[in-house]
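Asker: Quick mapping for you: the protein sequence lines, in order, are chains R and C. Be aware that the first sequence starts at 232, since it is given in the working numbering, and climbs by one per residue. Be aware that the second sequence starts at 232, since it is given in the working numbering, and climbs by one per residue.
For the record, the hints were derived by calculation from the structure and aren't laboratory data. Worth double-checking, as some hints may not be accurate.
[Claimed, not checked] Label pairs and their calculated CB-CB ranges: (1) R/Asp527 with C/Glu260: 54 to 64 Å; (2) R/Asp236 with C/Glu399: 49 to 59 Å; (3) C/Pro323 with R/His317: 18 to 28 Å; (4) C/Glu399 with R/Arg308: 46 to 56 Å; (5) R/Asp527 with C/Glu560: 51 to 61 Å; (6) C/Glu503 with R/Asp276: 31 to 41 Å; (7) R/Pro548 with C/Glu358: 52 to 62 Å.
[Unchecked claim] Calculated cross-link-like contacts (lysine to any residue; reagent style SDA-like; alpha-carbon spacing at most 25 Å): (8) R/Lys437 with C/Thr547; (9) C/Lys480 with R/Leu494; (10) C/Lys393 with C/Pro382; (11) R/Lys520 with C/Ala397.
Backbone N, C-alpha and C fix where the C-beta goes; we use that ideal spot for every residue, glycine too.
Number of protein chains: 2
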Amino acid sequence: MRVLDGETLSPPPIWLMRQAGRYLPEYKETRAKAGSFLELCYSPDHAVEVTLQPIRRYNFDAAILFSDILVIPDAMRRNVRFTEGHGPEMDPIDEAGILRLDGMGVVDYLEPVFETVRRLRAELPEETTLLGFCGAPWTVATYMIAGHGTPDQAPARLFAYKHPKAFERLLMLLADVSADYLVRQIDAGADAVQIFDSWAGVLGEKEFEAFAVRPVARMISSVKARRPQARIIAFAKGAGYLLKTYRQKTGADAIGLDWSVPLGFAAELQKEGPVQGNLDPMRLVAGGKALEEGIDDILAHLGSGPLIFNLGHGITPQADPENVHLLVERVRRSGN
Amino acid sequence: MRVLDGETLSPPPIWLMRQAGRYLPEYKETRAKAGSFLELCYSPDHAVEVTLQPIRRYNFDAAILFSDILVIPDAMRRNVRFTEGHGPEMDPIDEAGILRLDGMGVVDYLEPVFETVRRLRAELPEETTLLGFCGAPWTVATYMIAGHGTPDQAPARLFAYKHPKAFERLLMLLADVSADYLVRQIDAGADAVQIFDSWAGVLGEKEFEAFAVRPVARMISSVKARRPQARIIAFAKGAGYLLKTYRQKTGADAIGLDWSVPLGFAAELQKEGPVQGNLDPMRLVAGGKALEEGIDDILAHLGSGPLIFNLGHGITPQADPENVHLLVERVRRSGN
Numbered sequence: 232m233r234v235l236d237g238e239t240l241s242p243p244p245i246w247l248m249r250q251a252g253r254y255l256p257e258y259k260e261t262r263a264k265a266g267s268f269l270e271l272c273y274s275p276d277h278a279v280e281v282t283l284q285p286i287r288r289y290n291f292d293a294a295i296l297f298s299d300i301l302v303i304p305d306a307m308r309r310n311v312r313f314t315e316g317h318g319p320e321m322d323p324i325d326e327a328g329i330l331r332l333d334g335m336g337v338v339d340y341l342e343p344v345f346e347t348v349r350r351l352r353a354e355l356p357e358e359t360t361l362l363g364f365c366g367a368p369w370t371v372a373t374y375m376i377a378g379h380g381t382p383d384q385a386p387a388r389l390f391a392y393k394h395p396k397a398f399e400r401l402l403m404l405l406a407d408v409s410a411d412y413l414v415r416q417i418d419a420g421a422d423a424v425q426i427f428d429s430w431a432g433v434l435g436e437k438e439f440e441a442f443a444v445r446p447v448a449r450m451i452s453s454v455k456a457r458r459p460q461a462r463i464i465a466f467a468k469g470a471g472y473l474l475k476t477y478r479q480k481t482g483a484d485a486i487g488l489d490w491s492v493p494l495g496f497a498a499e500l501q502k503e504g505p506v507q508g509n510l511d512p513m514r515l516v517a518g519g520k521a522l523e524e525g526i527d528d529i530l531a532h533l534g535s536g537p538l539i540f541n542l543g544h545g546i547t548p549q550a551d552p553e554n555v556h557l558l559v560e561r562v563r564r565s566g567n
Numbered sequence: 232m233r234v235l236d237g238e239t240l241s242p243p244p245i246w247l248m249r250q251a252g253r254y255l256p257e258y259k260e261t262r263a264k265a266g267s268f269l270e271l272c273y274s275p276d277h278a279v280e281v282t283l284q285p286i287r288r289y290n291f292d293a294a295i296l297f298s299d300i301l302v303i304p305d306a307m308r309r310n311v312r313f314t315e316g317h318g319p320e321m322d323p324i325d326e327a328g329i330l331r332l333d334g335m336g337v338v339d340y341l342e343p344v345f346e347t348v349r350r351l352r353a354e355l356p357e358e359t360t361l362l363g364f365c366g367a368p369w370t371v372a373t374y375m376i377a378g379h380g381t382p383d384q385a386p387a388r389l390f391a392y393k394h395p396k397a398f399e400r401l402l403m404l405l406a407d408v409s410a411d412y413l414v415r416q417i418d419a420g421a422d423a424v425q426i427f428d429s430w431a432g433v434l435g436e437k438e439f440e441a442f443a444v445r446p447v448a449r450m451i452s453s454v455k456a457r458r459p460q461a462r463i464i465a466f467a468k469g470a471g472y473l474l475k476t477y478r479q480k481t482g483a484d485a486i487g488l489d490w491s492v493p494l495g496f497a498a499e500l501q502k503e504g505p506v507q508g509n510l511d512p513m514r515l516v517a518g519g520k521a522l523e524e525g526i527d528d529i530l531a532h533l534g535s536g537p538l539i540f541n542l543g544h545g546i547t548p549q550a551d552p553e554n555v556h557l558l559v560e561r562v563r564r565s566g567n
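Bound-form chain R, shown alone (with noise of 0.2 Å):
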């Protein structure tokens, strides 16, 4: 928290997208037994077990609810599947679909998620950041209009390009009910939360504009005119270049890094405020001398300005546990 204010601190707070995962043979227990994977986001009793597994673990600086960006259309009743081996799936829709849709209701559907964050953070150390999040609309979207997802979400491309006042609906529409969710989530403990626009990479310039970063500055404005004690990270994954202008214009206290990020333009986006990444998941994966390396690169680079430690991407089931605790100390040593 104090780093999302703007502070530096050495060692710099860390915590790892996905934490919560298959990496952990304790994850894999409780997800075994919560049936499906939507049953274990919604239920609270395993939701809170598995968020808290990696904090026993590794005592992280933060814990992130354990859910999924996609809770938001299957409350909007759109079918979403996680099926073994595929990615997830749910209804696709179309233009008259998106006419049709409306937000009454959607919040509501997600009261387990928020009875998870109430009991989180009465179980959570007072000095463990809450972070709660949901997918960015553009991201959200490009599932709902192709049903899956594709290599570079070319079929919402293209009905934004067909369609664009139905796509423009559609984003506004996801934009306010997350927006609420957002809220919701807060209001039931979240100190601060984190918005995912994990497909930000596939957009051109103008798209980026209209698709990730308008809707985008028009959650957090809302967000923050409801709850002005909100810190958000926003992580657009792949914006690159665009970066440059995405925390000034979102409004976001916190930029997310992929960890084809840069680290000199990293750097440069410090300096206009916090930022949270960027290691290559895969040198977890590997360990030894890449992951030692990939560490000590980013806080070279980063560690004198205000930063949380991450990765580029969410933590893989192939990670070894053993290398998490050896990046953990590695980061916490290098403090002052």
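Got chain R; can you put chain C on it based on the hints?
Answerer: Positioned in the frame of chain R, the structure of chain C alone reads:
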């Protein structure tokens, strides 16, 4: 060719990546006759025919040899297969396999490709540039390691971290074989060549330098030392901000820009030399205003410098051939 030498032409010349492809009914007809996809690549009769088809229809300023970047691993006997509905597949290679690999006979195996180039140069109008091409070592290596495409080529990133020496050997071997391959294409009649680094965007900064910049620089200096007249376009898809120094470091005459490259940044890059790109292929599918605005934007930002008009990635099967006509006409009407 004049733009590759730094001239500004109005209207700019135009060709489209993957212009010989499934959006054309005549391509599908030839494809059906050819047997497997690789048989199409290795049959000079069929490969010449499909290369010429889009020239006949649209009179593009350049024809690009019909082939595939994976003919190199195929020539290395990695058992490359193109199966309908799947992406390309091949036998994945490991550390020991890389140590056993050598470049002997690889380029000679591709003699049918050179025959295609010779026939094309004889059949094409003199004013139509004939482009040869190959994959960049990093991109070809990602398929060789994983045995197939993956969302962010994590297997190759991981392999490179774990086995840096073997990976370096693979890249250098691919660079040398590919340089020889390009020289032979030039000797057979290619006026210029393009190097496709389709997976450059998944690399961190240091890896971009080591895996994308260095091998391509090695290729280009090797080709230019032997064929000083060679003109080379390098296309590092997704490289974003790192394109800043890519031309200078690789020695490419022109750099290709994917559709995510902001046009203001593209104009900066153009100050250092010719650029090629970068219309979103989905604008071509959408047609109408989305297509017109996309074309006009590129011309407004890049039309007064050395520009080769192109898409920001390959044309997709669902593009309407009529929209391609509209694109070519609009670009040509833009001229003084």
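Asker: Take the hints in turn and mark each one as holding or not.
Answerer: For each hint, the structure was consulted:
1. For the pair R/Asp527 and C/Glu260, the beta carbons lie near 58 Å from each other, so the given range of 54 to 64 Å is met.
2. Remark: the range hint 49 to 59 Å for R/Asp236 to C/Glu399 is contradicted by a beta-carbon distance near 44 Å.
3. As the Cβ distance of C/Pro323 to R/His317 is approximately 22 Å, the hint placing it in 18 to 28 Å holds.
4. A hinted range of 46 to 56 Å holds for the C-beta pair C/Glu399 and R/Arg308, which are about 52 Å apart.
5. Look at R/Asp527 against C/Glu560: about 55 Å separates their beta carbons, and that is inside 51 to 61 Å.
6. For the pair C/Glu503 and R/Asp276, the supplied restraint of 31 to 41 Å is violated, since their beta-carbon distance comes to about 59 Å.
7. The hinted window of 52 to 62 Å between R/Pro548 and C/Glu358 holds, with their beta carbons roughly 55 Å apart.
8. Restraint check for R/Lys437 and C/Thr547: satisfied, since their Cα atoms lie roughly 21 Å apart, inside the 25 Å limit.
9. Distance restraint check for C/Lys480 and R/Leu494: the Cα-Cα separation of roughly 19 Å lies within the 25 Å cut-off, and the hinted pair is therefore satisfied.
10. With a C-alpha separation of about 20 Å, the suggested pairing of C/Lys393 with C/Pro382 holds against the 25 Å cut-off.
11. Restraint check for R/Lys520 and C/Ala397: the C-alpha separation of about 16 Å stays at or below 25 Å, so the hint holds.
The structure fails to meet hints 2 and 6 from the earlier list, while all remaining hints are met.
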